[in-house]
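Novice: Chain by chain, the residues run as shown.
Number of protein chains: 2
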Amino acid sequence: MRHHALAAALVLAPCGAGAQDATALARIRDEGMNRSHALELFDHLTTVIGPRLTGSPAFRQSVDWAAATLRGYGLANVHLEAWPFGRGWSLDGQTAELIAPRYLPLIAFAEAWSPPTTRVIEGTPVYIGDLPPDSVRAHAAAIRGRIVLATRPQDVFITKDRLQPTEHDQPVPIGAPRANNATGPLPRATFQQTLHDLGAAAVLRPTEGSEGTMFVLGSRASTPANAVPSLIVSAEQYNLLVRMLRDGVPARLRVEVRARYLTADTNGYNVLAEIPGTDPAVADEVVLLGAHIDSWHSATGAADNADAVAELIEAMRILKVTGARPRRTIRAAIWGGEEQGLLGSRAYAQQHYAGDANARAREKFYVYLNNDPGTGPIYGWYAEGNAAAKAVLDEWLAPFRDLGARRNVMEKIGNTDHLSFTALGLPGFNTIQDYTEYDTRVHHTNMDFAERVPAEGLKQAAVVLASFAYQAATREGGFPRAGTTP
Amino acid sequence: MRHHALAAALVLAPCGAGAQDATALARIRDEGMNRSHALELFDHLTTVIGPRLTGSPAFRQSVDWAAATLRGYGLANVHLEAWPFGRGWSLDGQTAELIAPRYLPLIAFAEAWSPPTTRVIEGTPVYIGDLPPDSVRAHAAAIRGRIVLATRPQDVFITKDRLQPTEHDQPVPIGAPRANNATGPLPRATFQQTLHDLGAAAVLRPTEGSEGTMFVLGSRASTPANAVPSLIVSAEQYNLLVRMLRDGVPARLRVEVRARYLTADTNGYNVLAEIPGTDPAVADEVVLLGAHIDSWHSATGAADNADAVAELIEAMRILKVTGARPRRTIRAAIWGGEEQGLLGSRAYAQQHYAGDANARAREKFYVYLNNDPGTGPIYGWYAEGNAAAKAVLDEWLAPFRDLGARRNVMEKIGNTDHLSFTALGLPGFNTIQDYTEYDTRVHHTNMDFAERVPAEGLKQAAVVLASFAYQAATREGGFPRAGTTP
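For the protein sequence lines, the chains are A and B, in the order given.
Using the UniProt record's numbering, you'd call the opening residue of the first sequence number 1 and step up by one each time.
Using the UniProt record's numbering, you'd call the opening residue of the second sequence number 1 and step up by one each time.
Be careful, since some hints might not be right.
One copy or two, either will do: identical chains are not told apart, so a pair holds if it fits within one copy or between any two.
[Said to hold, decoys possible] Derived SDA-like pairs: lysine to any residue, alpha-carbon spacing no greater than 25 Å straight-line: (1) Lys-320 - Asp-30; (2) Lys-412 - Leu-424; (3) Lys-160 - Glu-437; (4) Lys-160 - Asn-415; (5) Lys-160 - Gly-457; (6) Lys-160 - Pro-454; (7) Lys-160 - Leu-131; (8) Lys-364 - Ala-283; (9) Lys-412 - Arg-362; (10) Lys-160 - Glu-451; (11) Lys-320 - Tyr-73; (12) Lys-160 - Ala-387; (13) Lys-412 - Arg-401; (14) Lys-364 - Arg-406; (15) Lys-160 - Thr-436; (16) Lys-160 - Gly-425; (17) Lys-364 - Thr-422; (18) Lys-160 - Val-136.
Quick caveat, the hints were computed from the structure, so don't treat them as lab data.
Keep in mind it's a predicted model, so treat the numbers as computed, not measured.
This is chain A alone, in the form it adopts within the complex:
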């Protein structure tokens, strides 16, 4: 039935560029919706490889797999680009239990780049959450060798998503920007150094998540010389421990972190792959698609951001297998280090697009399309305040209303990889996807597993990405940049 419909489209379409576009878009949709690899790609990233903390062995495994997969699909110029990250780390085991006066296994997770404990630590914890930070040193004797409950009981919980649906059922940004991905403003680093200097054995802190959901990040500046082994604990259980100490209950904990700093390869990597342009007049222009493959470490980085990587690889596969002939070059970029501050995309943008030496490359840069926050089908795009760009994005989005596309919005979105390009004045945009519970239960949590990602959305998003790439790569004229008229 669907092949018949496609054949009809091929026969009925008039000649010319518009007809080629319609045919190509129909092929993209057919391939992506009916013979999708997206779920299989997503499953490999989340089930086989698992979490992909930048600089970890699994991160390297993921970029090697992505490159091999893109090569296997016949993409051109597939290669890794390294940039200095400076750390490797692996969590090999941990223990976090209340062992007396009753037993309770704690929901806990070592922070990324935590030093290991020197041994299994058992003892009554010491609570210093009510001490002014500058008076901690005065309690050296109480802290040495102890498990430290470092902060006050958690009474602030993340219960609202940053992006909320409007009356048009579109998410738009609300409130404060997303919390900085890096954990360490200077005071915390100083605090860690103080606890380290005082000989604390381990430090526990509560999450701002609730009911078993924990946000688990880390500071890659942590070393055994400046930090204490640290675990995030479910807020309810952390609060219970503080109350037990307050009530004089002789609580004893067992805590261990088994982790290694790895030095064999401390680079971060990006993966690049292309479908070369076919129009000599514009083949040196680049339509760039991107998504970050690195994740935090306590789940499998499913919605943040394996879904987008699977969609991106699948979009490239669809373009290749459908024989799309873009006029401009379509390039896929799979970034590392996003969670530590957009490191991979920034390294790439700086190397290839910053400064006088890259002035011509900037001219030849057509548009950057990023896919990160949210999950599920692509509803539209953030137009970053660029009305002329929005008009183009609107035109590209129109064919996908029957697949769940809704509309583009003028709003900007922060904290993801398009910023590495917009910072250079280049046009960069991010998808709008479903944001339900993304800030409360999903991203950066111990619960960012496959259940957060609707399988059907993977197909649609790959089709939309491939179609946007194709439309960008065949469009007449330059892409409207911010502050210019179309």
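Since chain A is already given, all that's left is putting chain B on it; use the hints.
Specialist: Leaving out everything else, chain B in the frame of chain A:
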């Protein structure tokens, strides 16, 4: 300021029973709202004692503490009543980890009355979730000595509360009745027996909770002779393990359950305490208030049901300290074994109110007021389809609108201790409290900690309970029973 207001009430109130009532109710409110012990009582149950699984040492500790506390407050006839429960059990430790090809601590909890494992078990689990139950025996060789993933991946999650607010902001029952507290219909017992006979080392099953919230119950029929050590695992992680096996990932787990069956005291207990009636004509009539003190074992049984026990003890304290002189006897009953099938209340009702020998006791039974599902302030009561009773409850509730009381509803509510009395034709009613996320995140979960219970609600609920008890114990005439007219 508040003492001045109370003095004014004492002066201005006219003489007679109504005036005595008004004065007594004002004293109750003043004591309960301004000098409450409810939070301290709640904290002792949840922080100091912790979970109170029927038949566990902590359960016995809790009933002894409740009795001592009631005695300390000067209540009369404080005593325990034992009934045969038949099991004692204690969880001393557990391990549940993915150890290869990568490390992941599992959110897991041993089911109540699980047998212990014979040792720490390490190995690749075997997935039998796709086998028809009657074909499991044919796979004996694959199961012996192994960690068994017993069911299909979890794709049904509890995402809706059973009670939903109506347009009047009142919870009313929806949908199916609450899941049976006991885990074991016969098929599961048969399945456990089969796995036991085949020599399975441990069995893992996913929860229907999500994002780190787990429902953890158990079957007290489990023994090392008929069951396998069993743990509930977070659904997302369980599903991941099944996918890893499906994808051929060489996953290895480390699992251990350290548990003991205790035989020194296998009774369940109820705690009784009274304020004797003062009117010789009706002092032998009983107004019974009740709440269950037992809980499941994976959190601290805060909303289910330490809050209600704290409110009940506090209500009795308030009545005692304010010098309330009820005409009828007010009796508090703190039940055990509710979670295993209303065992404590049923034992009590059967012993004291069932059969021909207790006909006169039934006549002298005025009303039973129970407090269990939900948490926070008492909004009203379920009138159990008894319109005449509702009219009385409405009268009693009216003075508490300014404290958050809303209205009584005609609906019935199931699955809690008033059923032990209504089954005998006695009038029994249950509070309406806030039910938000009660079925999805709170009751029977590993997250039923103090954060689920608003501290201000404890005060209000104790005041409403004390006031209802007082009003019931001073009311003129009999309490309208179901099927009778007032």
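Novice: All hints, please: hold or fail.
Specialist: Quick rundown of the hints versus the structure:
Only within a single protomer do Lys-320 and Asp-30 lie at most 25 Å apart by alpha-carbon distance; the minimum there is 14 Å, versus 77 Å between protomers. Within a single copy, Lys-412 and Leu-424 get their C-alpha atoms as close as 16 Å, which meets the 25 Å cut-off; across copies the closest is 66 Å, which misses it. With identical chains, the CA atoms of Lys-160 and Glu-437 are at most 25 Å apart both within one copy (8 Å) and between copies (16 Å). In the homo-oligomer, the alpha carbons of Lys-160 and Asn-415 lie at most 25 Å apart inside one protomer (18 Å), although the nearest pairing across protomers, at 33 Å, exceeds that limit.
Taking the shortest alpha-carbon separations for Lys-160 and Gly-457, both the intra-copy value of 23 Å and the inter-copy value of 24 Å come in at or below 25 Å. In this assembly of identical chains, the alpha carbons of Lys-160 and Pro-454 lie at most 25 Å apart whether taken from the same copy (21 Å) or from different copies (19 Å). In this assembly of identical chains, Lys-160 and Leu-131 lie within 25 Å of each other by CA distance neither inside one copy nor across copies; the values are 30 Å within and 42 Å between. Proximity of Lys-364 and Ala-283 under a CA criterion of 25 Å is satisfied intra-copy only: 9 Å inside one chain copy versus 95 Å between copies.
Only within a single protomer do Lys-412 and Arg-362 lie at most 25 Å apart by alpha-carbon distance; the minimum there is 22 Å, versus 71 Å between protomers. In this assembly of identical chains, the alpha carbons of Lys-160 and Glu-451 lie at most 25 Å apart whether taken from the same copy (20 Å) or from different copies (17 Å). For the identical chains of this complex, Lys-320 and Tyr-73 are intra-copy neighbours only, at 7 Å inside a copy versus 80 Å across copies, given an alpha-carbon limit of 25 Å. Taking the shortest Cα distances, Lys-160 and Ala-387 never come within 25 Å of each other, neither inside one copy (29 Å) nor across copies (42 Å).
In this assembly of identical chains, Lys-412 and Arg-401 lie within 25 Å of each other by CA distance solely inside one copy; the values are 22 Å within and 47 Å between copies. In this assembly of identical chains, Lys-364 and Arg-406 lie within 25 Å of each other by CA distance neither inside one copy nor across copies; the values are 30 Å within and 67 Å between. Taking CA atoms no more than 25 Å apart as the test, Lys-160 paired with Thr-436 passes in both settings, with 9 Å inside one copy and 16 Å between copies. Taking CA atoms no more than 25 Å apart as the test, Lys-160 paired with Gly-425 passes in neither setting, with 32 Å inside one copy and 47 Å between copies.
When the C-alpha separation of Lys-364 and Thr-422 is checked against a cutoff of 25 Å, the pair qualifies only within one copy, where the shortest distance is 15 Å, while the shortest distance between copies is 81 Å. In the homo-oligomer, the alpha carbons of Lys-160 and Val-136 never lie at most 25 Å apart, since the shortest distance is 34 Å inside one protomer and 46 Å across protomers.
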